[in-house]
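Quick one: dock chain against chain with the hints and give me the complex.
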Amino acid sequence: MTDQTPPPSLDELEARLRDARRSAESSSFSPTQRKDEAGNGWLGIAFRIGAELVAAMVVGVGGGLVIDRWLGTSPWGLIVMFVLGSAAAMLNVYRAVNGMGYAVGYRRPDAGANSGGGTNSTPAKDEGEGNRGH
Amino acid sequence: MATDPLHQFRIEQIVPLHLAGHDVSFTNSSLYMVVAAVLITGLLVAGTASRALVPGRLQSVAEMLYEFVSGMVRDNAGAQARPFFPLVFSIFAFVLFGNMIGMIPGTFTFTSHIIVTFTLAALVFVFVTVLALIRHGFHFFSYFFPSGAPIALAPILIPIEVISYLTRPVSLSIRLFANMMAGHTMLKVFAGFTITMIGALGAVGWLAGVLPLVINVALIGFEIMVAFLQAYVFTILTCLYIRDAIELH
Chain A
601 MTDQTPPPSL
611 DELEARLRDA
621 RRSAESSSFS
631 PTQRKDEAGN
641 GWLGIAFRIG
651 AELVAAMVVG
661 VGGGLVIDRW
671 LGTSPWGLIV
681 MFVLGSAAAM
691 LNVYRAVNGM
701 GYAVGYRRPD
711 AGANSGGGTN
721 STPAKDEGEG
731 NRGH
Chain B
-15 MATDPLHQFR
-5 IEQIVPLHLA
5 GHDVSFTNSS
15 LYMVVAAVLI
25 TGLLVAGTAS
35 RALVPGRLQS
45 VAEMLYEFVS
55 GMVRDNAGAQ
65 ARPFFPLVFS
75 IFAFVLFGNM
85 IGMIPGTFTF
95 TSHIIVTFTL
105 AALVFVFVTV
115 LALIRHGFHF
125 FSYFFPSGAP
135 IALAPILIPI
145 EVISYLTRPV
155 SLSIRLFANM
165 MAGHTMLKVF
175 AGFTITMIGA
185 LGAVGWLAGV
195 LPLVINVALI
205 GFEIMVAFLQ
215 AYVFTILTCL
225 YIRDAIELH
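Read top to bottom, the protein sequences are chains A and B. The first sequence begins at 601 in the numbering used here and counts up one residue at a time. The second sequence begins at -15 in the numbering used here and counts up one residue at a time.
Okay, chain B solo, but in the shape it has when bound (with noise of 0.2 Å):
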């Protein structure tokens, strides 16, 4: 039962509330979310409360932070998609806090789950579509054609550019949450060796329990790698499509 690969991702209701006949319970999904935003505003309000020319420790992760997403905006988005920078803040902070608390052995991984990071993903995908639909109204449409291609080829290649455009929430959610799950069931997995291992073979489970726990250690890097490099792809992502919106060809 404690090496159940997959019992860390069980939602376990904290406080019962049904609202309406749904079931809108305080679960531990639900304490890491609220752990990750208070982290985040925690970080950013003590890191710019000194406000001093130069910058404390806290004061430059908050720099850091606030300085590589800015970057990531103006190099993807472009310039014109200045005043989206908090959406792409709050997204990439809360995404990046879910993982890297994910990291800490005993936590509960909020973005291992698809319905969280769906949520997600639809709400940039919709935000994204509303802003084209406000910057160009019903041109907007027209590029589910593209120019160029034989009319006859419509009934065709709408449906797909359809598809094609519907796809993006749920590629960018499928993404993040089976990086993330994957990665934390494989060091269960790992970790689940040693201890069966040290059960089966006592005293010489002891000394061969060592392998997987070395292996789990540099998994343990490569995760951490990963719940960055997710949070980033998730990020950069956002911005591509708000560009797309702002410029649309």
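So that you can see chain A by itself, here it is in the shape it has in the complex (with noise of 0.2 Å):
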């Protein structure tokens, strides 16, 4: 059965060559990136998300605890973590769902890197969003 296609011509090759010499070449993000988030889908998403709550608590209640210990500040060092600590759950869910990434301080490098995706917006938009995330 395979006998029967005609190999590809040399041109065909040539070209298929040079999109894959492109794409292996191609500079950090692609439009791809956002295709694959999305691909990742809800349940990615989801598993993502209760983690981060939970983890952002077991750190501050964690860090609270610790901290009690050391100084011998109970309970003060566990009831202000505590606050800090779902905050910085809130801080990053509310991250991870913008797409920010996690990062401390990271913001979208620029417009052109997220462009083809629902969501894109304006570089002003961006730095609004990023501050009142803060």
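Among these hints, one or two may not hold up.
Which chain A residues stay away from chain B? Per the calculated CB distances, all over 12 Å, these [claimed, not checked]: (1) 610; (2) 616; (3) 650; (4) 652; (5) 692.
Have a look at the derived ranges for each label pair, beta carbon to beta carbon [unchecked claim]: (6) 610(A) x 204(B): 43 to 49 Å; (7) 617(A) x -12(B): 55 to 61 Å; (8) 697(A) x 55(B): 21 to 27 Å; (9) 140(B) x 672(A): 20 to 26 Å.
Some residues of chain A that are not near chain B, with every Cβ distance over 12 Å (derived) [as the list claims (entries may be wrong)]: (10) 614; (11) 619; (12) 659; (13) 662; (14) 668; (15) 672.
If you're looking for bench data, these hints aren't it; they were derived computationally from the structure. Ideal Cβ placement from N, Cα and C applies to all residues, glycine included.
This is the structure in structure tokens:
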């Protein structure tokens, strides 16, 4: 069966090779990035968000308990760190949902990087969101 | 006893070892980590041995694995992250094989232990932090305080940002461990239903026991997907962290 299909012409091969080379060289952010994140779907997002909430609380409360034991400030360390941990949890969820990455101070590199996605927004809006988010 | 759903997570010593007062025994967990490492190495060595232009089965798998991770690094961490591809690949392969080996009945899933996943996550965390420090020096710390915010808010914002940053390894490890452990427990619980019903109801139990078995078949498919998805998520986040460390706006 496979014998009957003619082999691709050299031109075709050349074009494919060029495409492959270009995609290998293409710098950082191709539009596929947005597609990948969207393709990951609700399931991936759900898995991420749940853990995010728990983790920030673990760090907050755990850190509070450690501070209390270390400085003998019980229960204030726990109370303060609990509140801060909750805030950090919300912040993390906000960032994760917003597609802003998880990083401290992280912002979308530029408007060109997130073209072709539903989350596309103008740089000015991004800036505003970034500030409000913190 | 046979239906204890948590029995599968028990760590058993194979070769008891003690080093400077610490228990460093070779356990079943270690054994399966070694198995995973050997399988990965074996796959890649055997897969790339022939270097055929038209790849055989094994070579195809090895190439697919390589290209998948390579694409992931390129798309999520950027072209500058190329030097860190080996790290990302090792993490992905190790987690993926750990998860997948665990899907074989009777094996031990080392990724269902938080100490294992936390060690992996801590490795990523320390690596990324050191990378950011080397690349950006003390400039790195300026990002615990977002630019443009009123200075009066610093006492609140900085701790929140620091906690948010410290959350990374914890959320990374909790996500992987919780998913693997929950999934495997669920499989065991449903399998246990079948056995309990057969034991309690006799002939009727054989019929009734089919239902949990059917559910288990579907769950195993789901768990295989989760096993892959979790390895994928772990690696994607590693890539994103590396990108943050490199670009650090």
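Notebook entry, point to check: Against which earlier hints does the structure fall short, listed by number upward?
Noted result: The structure breaks hints 3, 4, 5, 12, 13; every other hint is satisfied.
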